[in-house]
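Engineer: If you want the building blocks of each chain, they are given just below.
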Amino acid sequence: MNKKSKYLFITFISLSVILFLEVIYLQIFNTMNDSDLVQKNMFVKTVGLPDLAISTETSYIRHRSLSDIFSIYSVDGSLREYSKSSYANTSLINE
Amino acid sequence: MEVYENTLNLAMQIQVLSMNKYLIEYAINSILRQKSKNIFIFIVFTLLIFLLTSIFFITNSIKYELNSTVNSLPQIIVQNYKGGRHYDIEISKVDKILSISGVQESVARVWGYYYFENADVHFTLVGIDMFENQYKKSLTHLTQISSFDESSMYLGRGVKKLMYKNYYKNYFNFIKPNGTVKKIDIAGVFNSDIELESNDMIVMSKENLREIFALKENMATDIVVKVSNPNEIDTIALKIKEIIPTARVITNEDIKVSYEHLFNYKSGIFLALFIISLFTFFIIIYDKASGLSSEEKHEVGILKAIGWRVEDILQEKFYESFIISFFSYLLGVIFAFAFVYLFEAPLIRDIFIGYSNLKPSFSLSFIMDFQTLFLVFLLSVPIYIASIIIPSWRVATLDADEVIR
Numbered sequence: 048m049n050k051k052s053k054y055l056f057i058t059f060i061s062l063s064v065i066l067f068l069e070v071i072y073l074q075i076f077n078t079m080n081d082s083d084l085v086q087k088n089m090f091v092k093t094v095g096l097p098d099l100a101i102s103t104e105t106s107y108i109r110h111r112s113l114s115d116i117f118s119i120y121s122v123d124g125s126l127r128e129y130s131k132s133s134y135a136n137t138s139l140i141n142e
Numbered sequence: 037m038e039v040y041e042n043t044l045n046l047a048m049q050i051q052v053l054s055m056n057k058y059l060i061e062y063a064i065n066s067i068l069r070q071k072s073k074n075i076f077i078f079i080v081f082t083l084l085i086f087l088l089t090s091i092f093f094i095t096n097s098i099k100y101e102l103n104s105t106v107n108s109l110p111q112i113i114v115q116n117y118k119g120g121r122h123y124d125i126e127i128s129k130v131d132k133i134l135s136i137s138g139v140q141e142s143v144a145r146v147w148g149y150y151y152f153e154n155a156d157v158h159f160t161l162v163g164i165d166m167f168e169n170q171y172k173k174s175l176t177h178l179t180q181i182s183s184f185d186e187s188s189m190y191l192g193r194g195v196k197k198l199m200y201k202n203y204y205k206n207y208f209n210f211i212k213p214n215g216t217v218k219k220i221d222i223a224g225v226f227n228s229d230i231e232l233e234s235n236d237m238i239v240m241s242k243e244n245l246r247e248i249f250a251l252k253e254n255m256a257t258d259i260v261v262k263v264s265n266p267n268e269i270d271t272i273a274l275k276i277k278e279i280i281p282t283a284r285v286i287t288n289e290d291i292k293v294s295y296e297h298l299f300n301y302k303s304g305i306f307l308a309l310f311i312i313s314l315f316t317f318f319i320i321i322y323d324k325a326s327g328l329s330s331e332e333k334h335e336v337g338i339l340k341a342i343g344w345r346v347e348d349i350l351q352e353k354f355y356e357s358f359i360i361s362f363f364s365y366l367l368g369v370i371f372a373f374a375f376v377y378l379f380e381a382p383l384i385r386d387i388f389i390g391y392s393n394l395k396p397s398f399s400l401s402f403i404m405d406f407q408t409l410f411l412v413f414l415l416s417v418p419i420y421i422a423s424i425i426i427p428s429w430r431v432a433t434l435d436a437d438e439v440i441r
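Heads up: the protein sequence lines correspond to chains A and B, in order.
Residues in the first sequence are numbered from 48 upward in steps of one, following our numbering.
Residues in the second sequence are numbered from 37 upward in steps of one, following our numbering.
In short, the hints are calculated from the structure, not lab data.
One or more hints might be untrue.
Said to hold, decoys possible - Heads up, simulated DMTMM-like pairs for lysine to aspartate or glutamate below, C-alpha to C-alpha not over 20 Å straight-line:
#	chain 1	residue 1	chain 2	residue 2
1	A	92	B	331
2	A	92	B	101
3	B	277	A	115
4	A	92	B	165
To be verified - Which residues of chain A face chain B? A partial, calculated answer using Cβ under 8 Å:
#	residue
5	49
6	51
7	52
8	60
9	71
10	74
11	77
12	86
13	87
14	89
15	100
16	102
A virtual CB, placed ideally from N, CA and C, is assigned to each residue, including glycine.
In isolation and in its complexed conformation, chain B is listed as follows (with noise of 0.2 Å):
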């Protein structure tokens, strides 16, 4: 018994499959019979898909990038302020810290921006102990360069070229506040696979730093914090400003959080892209759910009047919608991920890295992201197919003798 359910069910099913072969053929000749107005219909939708997918999957890419490395920052940052403004602090508060119970280490911190005139670009200067066996082991591996020079400095990709533009290939004169000029002779450049995070950088030591910024001895840009038990980051966070009540202590959690801020909906170009896309999506679908034109009510009233089911109408309907909006889904998508991992997003990319002279090479690391490839698909291709079904039904389910009248 059970197998002859099964055999029919199959019978079944072939039947119709073979009865879903003509509707497909029809639903072709159905879209080629409006030849231009479907090519236009899917020329749109896939620049619709491919501009959302793109946006998504940049900034999928670069909170990606953001978080692998987020761990690895210190897990506490002290900020003086004075005036509501950030201000050096004084080195003296290293030792205060370090008194409160469950701090590891606390390291003052030199860094600073440095603006370089003739290309108009702010170059991020950050001062290390070079005598640390630890530093000088990275820096050699990041730069690849065997012989480590304490004296000089390490530049990101983007600094180089600028420098190097303006004829500075083996040395760099910054210009101190009293006017003095401080030569630093460069060493080495970051590799281009942390070019993302490296670009704007010059790493030197924190005598030739402080030189630069005329920065006392007594003083330094920030104060970094590594506490043993990372449960007890937020307490010490607290007992940090009670030590210091005009600091600002930013901790990691701050900082993820910040991440996050980063890139969402609320910053305002892809909102704008958002709203566009969608009003042009919603103008589709208003065009179509407001009514089929009298040609296409005609040809349903005629196919009713042949002897169609309501069924099939919806049917071929469906497999209609279907394959516009999915050929326009793959491509869209396809096109996209050329656009942004093998051209690295011209055009768009510069919606991103700003106008600075001081531009990184744009290229991402991909990453397959199902949960936005599903989301531009429940955004896209079943509220087309609604907006045509919807109409169809309104039409197929009336008299075929009065909708052909």
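With the rest of the complex left out, here is chain A (with noise of 0.2 Å):
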């Protein structure tokens, strides 16, 4: 094995250890644990409203599960596609 498949085989060897690292890592501190869950839930059946808080702007799009074709209209019928979230939120009128 001459030194260039050396450096090949270290840094293949490396980049592996490198993502399994970040895999536990992010296994211990990231994973959504028991305790997590069980107070999201509570949340959610305290509140009884579904989707998450990251779509804000309108209601037709922060509880987009519960709107229906029309709600877009009461905003604006102009304003279909106004927010670059609306792509990611889209609308039941595009189903």
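Can you join these two chains into the complex? Each is in its own frame, and there are hints to help.
Structural biologist: Written out as structure tokens, the structure reads:
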């Protein structure tokens, strides 16, 4: 095995180890644990409303599962795709 | 005899391995000979994989987040419609729904949105029966406060931050439809663990909320229904529809379907990103498949002339493309994990969280999704290897004499 092959092998091993350690780290510190799950479910049960608070600009985006094809017009009929989040939270009108 | 065959097989494998070693070395040298071109391909390839996996990781985590709480939602939600728009529902409908056999519980809810003009944001206001022990228990647990105040309100972290910015530190003045003000004290803030769900929420007593929205005593926003046997949900939803023909009845299953649609490929932005990334990738493939450069052809010809077999050339090309694509894949995935889960996906995050001032922290739960990793691997590595090997095979099958000339 020459020098270049050795370097290649070492790089491959290092990348694999980094990936492995990263996954282990995320598994330990970033996974939803049981207490988080209990809290989230407790909250959702208390308020009884669906969807996440990641797009809150209008009601039909915030609680999209509860909005219907006409909700969009209660804001403004001409404002169909006016925010970038509406691409992610596609309206029921597109389905 | 069997032992002899095994030993022979092993010897052959060792021979193949030793052969591979030299081919690998040749492949590395070949990559280094065209350093700038290969580095460029490596960078583009890594970025492509990084982008694809990042988007997949974010959507998967959001879906997981939504699906982990979907079963805690009401089984049936009944909304009233008037003139094609959502309208308040009469509380008397609760008794009508309760008369349907199989309905265990039917509760009128009060909730809605409050527009806070100073910050240009919509808060979600939810009214609950403060006297019910169950709510007291969950609210004190979720806000980690010891004393419970029925006349006050409980806020999401985003709401609290905005109110604080606007000098509302201990209370908030809600402007009622008649122009007067309703002052409500802040009792607590929801834990940061539930920020994705609670960031824009304000929870208070139904009485206070009725006053803020000027909602009549006999009216409610919607009605939630609990059914004893989950298999009967659809039948009961139909019966409710018969009793209240103008109602929109949303079952838990509808919400699950809605969640499924929420971040699927129909969503324009992902489609656009996919098209861009796939297009870039096809350009690379096209460039590769449309033929090797004369220099590369010359190289293959010389190799054949000095005695390399077609298999050897293909094997060497395989190593060469595999080293580039697999290293790009590994690096792309490592970057994507760190980008999404450690750095909370800067820039890409903006696609998901909208433009409102009420932005939650984008700390998503980590999901080890082998399916996504495998999908991205299949979309990238084998295609790239094929794009290198096919043109090489075309050249390698020609006569050495013809290729060199």
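Engineer: Could you run down the list of hints and mark each one as holding or not?
Structural biologist: Hints versus structure:
1. 92(A) <-> 331(B): It is violated: about 68 Å lies between the C-alpha atoms, which goes past 20 Å.
2. 92(A) <-> 101(B): Cα-Cα ~15 Å, so holds.
3. 277(B) <-> 115(A): 16 Å, holds
4. 92(A) <-> 165(B): Roughly 13 Å between the alpha carbons, so the hint for residue 92(A) and residue 165(B) holds.
5. 49: Since the shortest Cβ distance to chain B is 6 Å, the answer is holds.
6. 51: Given a least distance of 5 Å, the restraint on residue 51(A) holds.
7. 52: Cβ of residue 52(A) sits 5 Å from chain B, so the hint holds.
8. 60: 11 Å, violated
9. 71: Because about 10 Å separates residue 71(A) from the closest Cβ in chain B, which is outside the 8 Å limit, the hint is violated.
10. 74: 7 Å, holds
11. 77: Holds - the Cβ of residue 77(A) comes within 8 Å of chain B, reaching about 4 Å at its closest.
12. 86: OK, holds: residue 86(A) within 8 Å of chain B, min 5 Å.
13. 87: 5 Å, holds
14. 89: Because about 5 Å separates residue 89(A) from the closest Cβ in chain B, which is inside the 8 Å limit, the hint holds.
15. 100: With a minimum Cβ separation of about 4 Å from chain B (threshold 8 Å), the hint on residue 100(A) holds.
16. 102: With a minimum Cβ separation of about 4 Å from chain B (threshold 8 Å), the hint on residue 102(A) holds.
In this structure, the hints that do not hold are numbers 1, 8 and 9, in rising order.
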